[in-house]
Amino acid sequence: MYIDRPIFNILHNQRANQKITILIGSRQVGKTTLLQALYDSLRKDNPCLFLDLDLFSNYEKASTYDNLISSLKLEGYRLKQKRRFFLFLDEFQHYADVSMVLKNIADHHPNIKIYATGSSSLGIKSNIQETLAGRKRTVNIYPLCFEEYLHFIQAQELMERFKNIAGISSKHLNQLVPELYQAFEAYLVFGGYPEVALADKEEKKEVLNSIFDLYVKKELVDYLQVEKVKNAKMLIQYLAVNNGNLTKYNALGQAAGLDDKTVRNYIEILEETFLIKVLKPWFTNRNHEIVKMPKVYYLDNGVRNYFVNNFNPAELRQDAAFLFEGYVISELIKLGVDPDTMRYWRTKNQTEVDLVLESSGKTIPIEIKFNKKASHTDLKGLKKFHHIYPLADQAYLINLYDNTDLGSVKLVSPFGLDVIAGLC
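So the number in the numbering used here is just where the residue sits in the sequence shown, counting from 1, plus 267.
In short, the hints are calculated from the structure, not lab data. Among these hints, one or two may not hold up.
[Stated by the list, open to error] Lysine to aspartate or glutamate pairs mimicking EDC-like chemistry, simulated, CA-CA at most 20 Å apart:
1. Lys349 to Asp312
2. Lys485 to Glu473
3. Lys430 to Glu452
Start from the sequences, fold in the hints, and give me the full structure.
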């Protein structure tokens with residue numbers, strides 16, 4: 268069953284663009300489903316060919332320029348036809364030679380539009396970045412944002428309330444939309460992978476287990492050829508336990524039995540395969556501010572909770588604040604904020620702002636609190652930041668129930684993050 272996602276329209280609107288459209292994202296995030304949906308939509312009125320390159324027989328059809336042109340001709344393609352032909356390639360990044368074939372297609376056949384998927388931006392960079400320079404447009408596919416999650420679980424009334432909540436100002440949103448917060452609690456714990464969202468509660472853990480097993484086999488072992496898989500798993504586990512905390516690479520190495528260089532390499536792999544987001548410090552003064560230690564957040568709370576084997580409700584957990592921070596960071600990314608613009612700020616005397624967005628000439632400080640009620644004590648870091656950097660932009664405090672204002676700081680609920688995303 269295909270359930271529509273907003274990203275589908277963005278991809279569909281690229282059908283007249285000559286550049287190769289590449290969908291990248293973690294496994295099981297819905298890339299193939301989107302590609303299949305595009306194929307089903309476009310083949311109604313256009314000649315199309317869909318090839319799953321995980322199958323070797325399909326790879327052979329695309330392994331050389333002559334083979335691919337012949338495969339297209341078998342589906343009705345003609346060299347001088349005015350009508351556009353659509354080619355869909357699933358998991359193409361495994362083969363460097365295919366990227367050269369696609370280059371030749373893009374250069375010499377303007378009547379062919381190519382859509383392709385890949386599960387690793389690292390693979391895209393290493394195998395095809397140079398070959399397809401200027402010929403591709405990449406689109407990141409992430410797990411479901413909260414609004415998409417509501418759509419997937421067919422909570423139509425909650426979707427309407429989610430959309431309308433922007434027009435309400437209240438210190439007690441939970442009293443107005445308690446059912447919306449119930450859905451949010453489940454999302455905060457189990458995350459937004461489509462198959463997880465659609466599974467019954469007792470099946471969600473099994474689905475998360477299968478996602479991780481496939482990630483290890485297909486990404487770490489088969490494709491990226493990570494040699495120390497056991498140690499990599501230990502690193503993944505350690506990062507999950509310390510989700511959102513300051514990270515020291517030497518401590519990671521000691522915990523996972525890896526040297527510093529390998530730790531950094533593996534963390535890059537985990538980030539480029541969309542498992543984690545590394546949040547680096549924002550600083551201008553090396554003497555008074557943290558400049559090196561990053562924080563690491565999982566991009567999906569369900570995956571993170573699988574690694575720590577804890578699916579208890581957030582309100583009963585000691586790590587609830589970090590779960591909420593992870594939600595905010597991943598949700599902003601899904602809403603279009605460039606991950607590279609995200610930092611955190613911390614002084615050496617431990618005054619901190621959870622998130623600093625630096626984009627389009629703006630510097631936006633954001634505090635994230637898993638609190639039912641916002642208070643002036645929550646503003647300590649924001650006030651210090653504005654004292655040191657008076658030219659910084661509007662400050663925001665993201666909390667659970669209050670979307671009013673607290674002094675000069677704007678309060679934002681978990682359902683109002685599009686306001687911040689729209690500034691970037």
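We went through each hint and held it up to the structure:
| no. | hint | verdict |
| --- | --- | --- |
| 1 | Lys349 to Asp312 | holds (14 Å) |
| 2 | Lys485 to Glu473 | holds (18 Å) |
| 3 | Lys430 to Glu452 | holds (18 Å) |
In the structure shown, no violation is registered for any of the earlier numbered hints.
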